[in-house]
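Student: Residue numbers (this note's numbering), protein chains in the order written: chain A, 4 to 120; chain B, 71 to 180.
If you are wondering where the hints come from, they were derived from the structure by calculation, not from laboratory data.
Among the clues, some could well be false.
Calculated lysine to aspartate or glutamate pairs in the EDC-like style (CA-CA distance at most 20 Å, straight line) [claimed, not checked]: (1) B:K138 to B:E125; (2) A:K44 to B:D109; (3) B:K167 to A:E90; (4) A:K58 to A:D68; (5) B:K139 to B:E71; (6) A:K44 to B:E125; (7) B:K139 to B:D109; (8) B:K138 to B:D72; (9) B:K179 to B:E79; (10) B:K127 to B:E115; (11) B:K133 to B:D152; (12) B:K167 to A:E62; (13) B:K112 to A:E25; (14) A:K67 to A:D91; (15) A:K44 to B:D152; (16) B:K167 to A:D91; (17) B:K129 to B:E71; (18) B:K112 to A:D91; (19) A:K69 to A:D101; (20) A:K44 to B:E71; (21) A:K67 to A:D101; (22) B:K112 to B:D72; (23) B:K167 to A:E66.
Partial selection, computed: residues in chain A whose CB lies under 7 Å from chain B [unchecked claim]: (24) P43; (25) S46; (26) L47; (27) L49; (28) I96; (29) F111; (30) G112; (31) S113.
Here are the simulated distance ranges between beta carbons [unchecked claim]: (32) B:L177 to A:A75: 38 to 48 Å; (33) A:L71 to B:R101: 41 to 51 Å; (34) B:R101 to A:E55: 41 to 51 Å; (35) B:T137 to A:V120: 41 to 51 Å.
Built from N, CA and C at the ideal position, the CB exists for glycine as well.
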Amino acid sequence: GAVVSQHPSRVICKSGTSVKIECRSLDFQATTMFWYRQFPKQSLMLMATSNEGSKATYEQGVEKDKFLINHASLTLSTLTVTSAHPEDSSFYICSARDFGQGALGYTFGSGTRLTVV
Amino acid sequence: EDQVTQSPEALRLQEGESSSLNCSYTVSGLRGLFWYRQDPGKGPEFLFTLYSAGEEKEKERLKATLTKKESFLHITAPKPEDSATYLCAVYRAAGNKLTFGGGTRVLVKP
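Produce the complete structure using the sequences and hints provided.
Tutor: Shown next as structure tokens:
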């Protein structure tokens, strides 16, 4: 089945620094990837849709300049949290669609726990 | 705007005590409803996709059903390893994205 690898699984950074999270589709090409944010005991909130070779589409209320998304290849999307602050601490999850499987289903990465101190 | 509401928010069960989780939705042009399982600190794990009212799918102790307004996830004779958060999400024709419900946290005690 389709596998999505997300790295790192945990990261702690100092306030004001930037952090990059990688999302890779391991055995399929993903023209579209999705980035979600999840707070404790809450559900997944879509932040942005990452499109290979073009600009990401951000959901309302998500700061484009803070959450930079790059989808430079068919197997890799990155999310960079710039000038991170403690309120950016959260669980970030990426997802990708394997159109080759002909299903509507999405495959999720294992998530990245970001802690800003 | 798409809305997905899951109930209850939390569910404590004794091992073997069957129960059902509810996912009610309001979406135009539903293309699919998904159920996922999420363990703490992990990404969601795919369980089922339901496409049309009346459809049912089963996997081990789990059975998912779909009507025009809601979906149920039935857990039959649950075991402690079924403890997790169960998420439902809807996908519609326009938008190319999933809308998630708030999830139901299930704890099965031995």
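Student: Honestly, which of those hints from before does the structure not fit?
Tutor: 3, 6, 7, 16, 17, 19, 20, 21, 22, 24, 33, 34
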